[in-house]
Amino acid sequence: MLTEQYLDLLVVGGGPAGMSAARTAADAGMRVLLVDERPTLGGQIYKQPGPGARVTDPAAADRSTAYGRSLIEAAQSSAADLVLRTSVVAVEQDDDGFAVVVVPDGERATTLRTRRLLLSCGAHDRPVVFPGWTLPGVVTAGGMQSMAKSQFVLPGRRMVFAGSGPVALAFPAQLAHYGADIAVALEAGPAPRPGDAARVARIARGNTDLLRDAARYRATLLRHRVPLRYGRVVVRAEGEGRVERVVHAAVDREWRVVPGTEQSVEADVLCIGYGFVPSLELLRLAGCETDFDEDLGGRVARKDDWGRTSVSGVYAAGDGTGVEGSYVAIDEGVLAALAAARDAGVLDERAADERAVPARRRLRRRRALARSTRRLFRVGPGIYDLADDETVVCRCEGITQSEVARAADATDDVSVVKALTRAGMGPCQGRNCARHVAASIAKAHGRPVGTVDFATARMPVRPVPISAMADADVADPGLFVADHEADGADGADVAVSREEGPL
Amino acid sequence: MSTAPTTLGPVPSLDSLRAPLPAETDVAIVGGGIAGAALAFYLARAGVEVVLVDRGELNREASGTNAGSFHLQLAIHQLSGAGTGADRDRLLADARLSLEAYRLWQELDDELDGDVHLHETGGWMVAETPEQVQVLRDKHELEQLAGIETEVVEGDALRERAPFLSPRVLAATYCPTEGHADPLSVTPLYAVRAAEHGAQLRTHVAVQAIDHHPEPGSGAHRFTVRTDQGDLRARRVVDCAGAWSGEVAAMVGLRLPVRHEGLHVNVTERRPRLLPSMVQHIGRRLTLKQSSQGTFIIGGGWPAPAVPLPHRYPTRWQSAAGNVAVALDVVPGLGDARVVRTWSGVIVFTDDMSPVVGESELVPGFFACIASTGFTFSPMFARQLAAQMAAPGDHEPFPERYAVDRAQERPAQP
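Just so you know, the sequences run in chain order A and B.
Read in order, the letters of the first sequence correspond to residues 1 to 503 in the working numbering.
Read in order, the letters of the second sequence correspond to residues 1 to 414 in the working numbering.
Looking at chain A on its own, in the form it has when it is part of the complex (with noise of 0.2 Å):
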């Protein structure tokens, strides 16, 4: 894998969008490397089971194992080169393309040079900060379905589920699945009326597989009597040292705690799934526009609909770009692949449209039926009410919410709440407190939360040990002195000839 020579398309992430876009790109004729930081294929969503895990019973697997599994052998029998456990930690622009730092897991860091870069980096669970949020116990619906889906485990013996969206029902019924006791399913929309249902079916023409899918959930949720609640959150975690109850609350369509409405229920494990936000670090570290759609995950990338991105030669796909489900992602990633090819003259314009048509076909029946369900599913602004002063919002650095409202009230600027208080500085570069922090500075402010954005992208987008980013070849710039034309304008002066002696 490790070349001098420029790919034509590095695709970050194997999920379902990463693996059609390079499927499609290496039929188009293009020289394709996909690479993705887990030991297998198939990103959040279609998950395989770990090395070393056997399935002994086929049957008992999920059927969106099986699917995914059919996707990873498609994109297997393409031509495009695969890399597992290789982390992306950085990207930068040159004169031909990009150069990508690449971290193999346990190896030292190497640079690969592609002329296009496709993102499909996927999604992660919206993080929510609630008292207790911290404790032990409390665990995200991705967390939890790694664990069910790799490893066959479940993290505790009696659950809550708390969350929204199409997980809501999915998932619970997955764990059920699994064997999970689970105690109580909140869903913080509404009950679907008697009309959304007609409504869905009447758009949904061609989605059928969605609304089977939706049907069985809630059959196998009845099946193991799991109590499912509508319009309720959690509001706290409690317990010593662990999670031993859940309280949940009533709420407004605005997701805002109803008083007088909480109930609480022993459990030893908390999931929260509200949802899915994407994973934006790579995208925005390349210099990429963001946009922000809130039933879409909130910050988003911006990009036509090819999947073109604001910097030219880079592409998206995916959950990462703007949460819009797996087989979403599927035809996404077929487009921008695409574009790609088009772009670099491997393919026609005629013959991108020509491929191109079927994608968008299932595209628009998809986004047809997202819209007609996104009231079920809007998440709403009470979702960052919930903390209070004690409640710990950044959990790398341990800074609190009076901590955060005080730097808010002092600044409108992310950077500057970020630099007075730390939240945001510790090894999750603010993937779980930045929404949080930009809601808080909103709020202080009276401006949506969509106008406050996310602090500086930073590299390494994962951390990266030092003996695997340490390069000896790399020259050391030596004395400080003047007349060297230190020209730091254009960077390119990394490698200024060492000084000879110091004195």
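Keep in mind that the hints were calculated from the coordinates and are not lab data.
Fair warning: there could be bad hints in the mix.
Unchecked claim - Taking CB as the label site, the calculated pair distances span:
| no. | chain 1 | residue 1 | chain 2 | residue 2 | range |
| --- | --- | --- | --- | --- | --- |
| 1 | A | D385 | B | P392 | 49 to 59 Å |
| 2 | A | E240 | B | D109 | 36 to 46 Å |
| 3 | A | E107 | B | R271 | 19 to 29 Å |
| 4 | B | E396 | A | V481 | 23 to 33 Å |
Heads up, the beta-carbon is just placed ideally off N, CA and C, and yes, glycines get one too.
Here the structure of chain A is known, so what remains is to put chain B in place on it, guided by the hints.
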């Protein structure tokens, strides 16, 4: 990991920072970094009317993005390569200055009634080659003359006292009084206290031009500072714009001997205590310390692109990879610590390695307060300059090598 929460110090009030710009003042300070905020504080405390403006937020440039070390030992960025003989006078003067700057830092918590998180950790300056060892000895001699307590340590004594250093390190000087402070605390604290003394600080005010009136009217306002938020008439203007100080001086026709460079910093996750002291290198670009939070902060002046505002400065992988390689050579125990973030700031350097502090003779009323490695020196220069400006004539003039006009091509006829 959630450890002891940091305590948020006083923060400047947004209402006053965004209040309308006053129409006139005695002193207008351009630049809201450590130099400007400190100068505003010392002037206001002395009863001088002062307005400070910054085009962005306070403390967002070099003052808030440097690695927070304060230097006492002579360091690589002070060496010209011409030898201690040629630079002897300047280096000796620099060493004496460091000592004075450091004494001020020690008083700063009391002076500002706050916490600048000053930690006197001691500092090692290491050498890996016989030539570098000779530089260590030469600089040690100068430091002794200046009254800075350093010692040269080598062999078994070095292994015993600094077991974290690699066998590659042949010798090191140790200075017990070096350390670091928190760049994110100092300037905001100066700003809050300056405002309490009556200084008016304004952010998001961009200076576009400075009109100079050599023969002012009755108010003695020799300058009109033209900004995107209106005009500010001032009797005196102080250029505290650090990396951009040359651009501000150019508005009154002056050329300063300054340039700027983007500098790169790396920080790791929190780790168990390994380094009790700072580590610097006499021949390679490295400053290394373990912060009170337990993170390793690795810098030393590796380059970063100095791209213009409004974009924040990007960092380069090459600088990260080269910088941590030096750190690993010197402290092998760092190998498995993970770098979680890099950042960069743009820092001012002077061409002749001397500061630019004082009043211009060519444009009377125009002052500058600019130091290379300003984090260590700015509080001291600001205090000295404020004293002069508050009571002109009562104080020793600044040394000739600080002169604001020294890079000026003198006109044939003044």
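Taking each numbered hint in turn, which are not upheld by the structure, reported in ascending numerical order?
-> none
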